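Note that the protein sequences, when read in sequence, are chains A and B. Here numbering that gives the first Met the number 0 is used: position 136 in the first sequence is 135, and no number is missing along the way. Here numbering that gives the first Met the number 0 is used: position 134 in the second sequence is 133, and no number is missing along the way.
Treat the hints loosely; a few may be bogus.
Computed from the model, here is a short list of chain B residues facing chain A with C-beta under 8 angstroms [stated by the list, open to error]: (1) Asn4; (2) Val9; (3) Gly13; (4) Tyr15.
Just so you know, these hints were derived from the structure itself, not from any lab. Fair warning: this is a prediction, and the values are worked out from it, not measured in the lab. Each residue gets a CB set at the ideal place from its N, CA and C atoms; glycine is no exception.
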Amino acid sequence: MLLAIAVHLVLAAVLLPLARRLGRWVFVIAALSPAVTLGWVLTRAGPVLSGEAWSESIGWAPRIGLEGALRLDALGLLMTVLVTGIGALVLVYYAYYVKPGEGGVGSTAALLSVFSGAMLGLVVADDVFTLYIFWELTTLCSFLLVGGNGSRAEARRASVQALLVTVLGGLALLLGFVLLADAAGTYRVSEIVANPPSGPSVNVALILLLVGAFTKSAQVPFHPWLPGAMVAPAPVSAYLHAAAMVKAGIYLLARFAPAFGDVPAWWVPAVLIGGWSMIFAGYRALLATDLKELLAYGTVSQLGMLTVLVAVGERTAALAGGAMLLAHGLFKSALFLAAGVLDRQTGSRDIRELSGLGRRMPVLASGCVLAVASMAGLPPLLGFVGKEAAFEAFAPGSVVDVLILAGLVIGSMITVAYGIRFLWGAFGTKRGQPATEVRAPPAGLLLPAMIPALAGAVFGAATPLTAALVEPTARGLPAGGEPYHVALWHGFGLPVVASVLAITGGFAVFRAQPLVRRLGGRLPGALHAQHGYQRVVTGLDDLAHRVTGRVQVGSLPGYLSVILLSVVLVSGAGLASGVPLPDDWRWWDNPLQVPLALFVLVAAGSVISARRRFTAVLLTGVVGYGIGALFVVDGAPDLALAQFLVESLVLVVFVFVLRRFPAHFTHGGPVRALRWRNAAIASGAGAFVAVASVLYSAARRHAPVASREYAARAEPEAGATNVVEAILVDFRALDTVGEIAVLAIAATGAASLILAAQREPRQPEPEVETTSGAEPPAEASAPSASENEVAEEEAAEQEGVSP
Amino acid sequence: MYTVNVTMAVLLAGLYTIGFYLLMQRSLMRVVLGIMVLGHAANLFLQTAGGPPGDPAMVAAGVREGMADPLPQAMALTAVVITFALTTFLLAMAYRSWVLLGHDEVQDDIYDRRIRELPRRDSGPDSFVAPRESAPQESLR
Numbered sequence: 000m001l002l003a004i005a006v007h008l009v010l011a012a013v014l015l016p017l018a019r020r021l022g023r024w025v026f027v028i029a030a031l032s033p034a035v036t037l038g039w040v041l042t043r044a045g046p047v048l049s050g051e052a053w054s055e056s057i058g059w060a061p062r063i064g065l066e067g068a069l070r071l072d073a074l075g076l077l078m079t080v081l082v083t084g085i086g087a088l089v090l091v092y093y094a095y096y097v098k099p100g101e102g103g104v105g106s107t108a109a110l111l112s113v114f115s116g117a118m119l120g121l122v123v124a125d126d127v128f129t130l131y132i133f134w135e136l137t138t139l140c141s142f143l144l145v146g147g148n149g150s151r152a153e154a155r156r157a158s159v160q161a162l163l164v165t166v167l168g169g170l171a172l173l174l175g176f177v178l179l180a181d182a183a184g185t186y187r188v189s190e191i192v193a194n195p196p197s198g199p200s201v202n203v204a205l206i207l208l209l210v211g212a213f214t215k216s217a218q219v220p221f222h223p224w225l226p227g228a229m230v231a232p233a234p235v236s237a238y239l240h241a242a243a244m245v246k247a248g249i250y251l252l253a254r255f256a257p258a259f260g261d262v263p264a265w266w267v268p269a270v271l272i273g274g275w276s277m278i279f280a281g282y283r284a285l286l287a288t289d290l291k292e293l294l295a296y297g298t299v300s301q302l303g304m305l306t307v308l309v310a311v312g313e314r315t316a317a318l319a320g321g322a323m324l325l326a327h328g329l330f331k332s333a334l335f336l337a338a339g340v341l342d343r344q345t346g347s348r349d350i351r352e353l354s355g356l357g358r359r360m361p362v363l364a365s366g367c368v369l370a371v372a373s374m375a376g377l378p379p380l381l382g383f384v385g386k387e388a389a390f391e392a393f394a395p396g397s398v399v400d401v402l403i404l405a406g407l408v409i410g411s412m413i414t415v416a417y418g419i420r421f422l423w424g425a426f427g428t429k430r431g432q433p434a435t436e437v438r439a440p441p442a443g444l445l446l447p448a449m450i451p452a453l454a455g456a457v458f459g460a461a462t463p464l465t466a467a468l469v470e471p472t473a474r475g476l477p478a479g480g481e482p483y484h485v486a487l488w489h490g491f492g493l494p495v496v497a498s499v500l501a502i503t504g505g506f507a508v509f510r511a512q513p514l515v516r517r518l519g520g521r522l523p524g525a526l527h528a529q530h531g532y533q534r535v536v537t538g539l540d541d542l543a544h545r546v547t548g549r550v551q552v553g554s555l556p557g558y559l560s561v562i563l564l565s566v567v568l569v570s571g572a573g574l575a576s577g578v579p580l581p582d583d584w585r586w587w588d589n590p591l592q593v594p595l596a597l598f599v600l601v602a603a604g605s606v607i608s609a610r611r612r613f614t615a616v617l618l619t620g621v622v623g624y625g626i627g628a629l630f631v632v633d634g635a636p637d638l639a640l641a642q643f644l645v646e647s648l649v650l651v652v653f654v655f656v657l658r659r660f661p662a663h664f665t666h667g668g669p670v671r672a673l674r675w676r677n678a679a680i681a682s683g684a685g686a687f688v689a690v691a692s693v694l695y696s697a698a699r700r701h702a703p704v705a706s707r708e709y710a711a712r713a714e715p716e717a718g719a720t721n722v723v724e725a726i727l728v729d730f731r732a733l734d735t736v737g738e739i740a741v742l743a744i745a746a747t748g749a750a751s752l753i754l755a756a757q758r759e760p761r762q763p764e765p766e767v768e769t770t771s772g773a774e775p776p777a778e779a780s781a782p783s784a785s786e787n788e789v790a791e792e793e794a795a796e797q798e799g800v801s802p
Numbered sequence: 000m001y002t003v004n005v006t007m008a009v010l011l012a013g014l015y016t017i018g019f020y021l022l023m024q025r026s027l028m029r030v031v032l033g034i035m036v037l038g039h040a041a042n043l044f045l046q047t048a049g050g051p052p053g054d055p056a057m058v059a060a061g062v063r064e065g066m067a068d069p070l071p072q073a074m075a076l077t078a079v080v081i082t083f084a085l086t087t088f089l090l091a092m093a094y095r096s097w098v099l100l101g102h103d104e105v106q107d108d109i110y111d112r113r114i115r116e117l118p119r120r121d122s123g124p125d126s127f128v129a130p131r132e133s134a135p136q137e138s139l140r
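Full structure from sequences and hints, please.
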């Protein structure tokens, strides 16, 4: 499996250069990897279906439980068959779908190949983080494929919406995974499912998992991204937004349902949201006039049904879910590909414009009829098999079952109605509408669209094959009473009645469409999911704008105040809550410290009130000398020596610079109110540092081993009697080299700044010809003039802003 | 157990307060002085937190009890020199600012101030939300 995923990704890299030579046939090359994977997986199918999962893993950081683990079991196999099979068909179809001379062929093929590999990884991942990574990879591929080359605003918006919504869900999923894995004590999906944890944090994790699944599978209220994503080319829609990617959410539900199907935090939201999505999106499909939009809402509706079926974690329902998963992947991809054929050959996919195509494209029309029949649940197609199981699963046992069954029947009725609407819209002859002009589609377009539709019939008729593929996915799930078996005919009973009701009801709904539309009423604007999305996005935008406007004020003192306050408040809160004050304290360690400290404090305090620059600099020097004296008291003569030396040097440098500056500070300091605010913040921060110094130093129990060893080894190893010196030039010489490097860099920088400042700014060449030498160019005054200009500009800008 | 004594803690509080206060001034020269004071305070912090005062770390007569810890001293020494380098560099920048602008004050960034006056809702072609008039009601939902 690892190899298969790698092949997809490597092939994707090769496709880009290949596309230059092969043009659109690069898609056929891209189809090789899913096709080969499908074949390879089918050779492995026997043991996997009989219960022996095929595992692989690569240790990344095994000590902390991080590994890339893959595991192919029956559910993974079902998904793999769907993903690789449809993938290969769609890629072949794409080769014929591309219009001659269309650009971006290589990148589209590469992205689809990457997507196929990522999807394969998603359905076989056995490690929550591996799963998450593949999950997000598919999101990214969807974003890039929907956005196309980014030249259309509509596509950009749709892709951004798809990205934002699904990434939001992805983040929720990651958080849920972390919580779940933490509660279970393992990152392995199979182990979590085998020994499901419980507790409040697990309930939160389950809700987060559901959010991830709902965003990916476009459930209400996250669904609008899916109809929006229909700006993507038809094959992309067929593959990502019908057969594969949107199934990831369903897959996730099916994966975890055996463990959590009976937890209310899991099944109640899943059934409610799924049921609501099924009915609401089906209704929306009845309103759609664009064929792809109709199919997209139909997908949301079908995914809602699948959510209900797979989330409850019950055997019959899971069987229904598995069969419907396969059925939906087949018939929906067939319909999307057919819609693509219509769009490409007629230039329109608007129900109101297409007319009379049934007669002109009989093959395509019959394929679509087959697919829609499967969707509607007509025997002997796969959709019928799935729906029978679904109705059986919720055959009345409790009030909840009755309600779910009623929902499923209503959903199926609407499904039948919009299925007919699709057929009528695409192929029907409308009164007063001239027959649409159409070019005959090539076989390369028709065949890939026909194969999934036919496959639905094959799987429906050959139920042993379907049963072999689907039944192992529900292994180990609780079966109430007699275990259900997937079959075409179970005899007359409630499911058949429900099917008949759904189909006849669907016809009635289709006939009564205008009435249904009126009865459905109109949702108030505030409740529209798309409005909600827009409001959230613009609201975030506004919030960011407001926060930036408030926080990024452009004033350095303002920024410093914020930084200092957060240091004091955040770290201070941490210190105050967790660290005990040391009980042992002294006024001083050496009485000399007191007068020296007073001296330094007075000198430092006077720096603030100094009006003359030179006074302030001298006072700062006094502070430095005072600190040097404190170092002497501490028993650090080397340090004191360095301090005295540096202080003297700094004074010399300052004197050089101060020659150029006016004697007094130009600015008296901030206004009074601001001064007090600054003083309060500064003293808060100062007090915080002092407390922190007391607390931190309490961590020191005795001289560290390093110090003792340095002292012991200074003479024998470094030949020095001064330990500090030995440390600086010998034991930690690398530090000293770094220090010298810093000095060198600072010196270079300072020198270049000062030298550049002394050089006169470049002036344009004096125009000797025109002035004829009468006026000497005023070189001496020019630089200062330009400086004044700059200063004036600054001042003007300042005035313009501050009222 | 050793902790920084009260006198040194008060001194650290005072030095850091003065350093922070100077840092929040508009005059670049005062800012540089503030950084110098903060540098002094930080070096003192490093040295003081590293153990009680003691005899100089000289081992000509063997390692004695009551010797000051040499490691913080060595580190503080490195820090002192680096503070010097930093001060020099900042001073050069203040000087350059003076030569170029004619003053040595930290100005507010007016472009930052203008953010607040920018239009709230973006409506360009790269807006996340379709402009109302061009998107029909039907496809919005």
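Here's how the hints hold up against the structure:
With its C-beta approaching chain A no nearer than about 5 angstroms, Asn4 of chain B sits inside the 8 angstroms limit, and its interface hint holds. For the restraint placing Val9 of chain B at the interface with chain A, the shortest Cβ-Cβ distance is roughly 7 angstroms, inside the 8 angstroms limit, so the hint holds. This hint holds: Gly13 of chain B has a C-beta 5 angstroms from the nearest C-beta of chain A, less than the 8 angstroms allowed. Interface hint at Tyr15 of chain B: satisfied, since its Cβ lies 4 angstroms from the closest Cβ of chain A, which is below the 8 angstroms cut-off.
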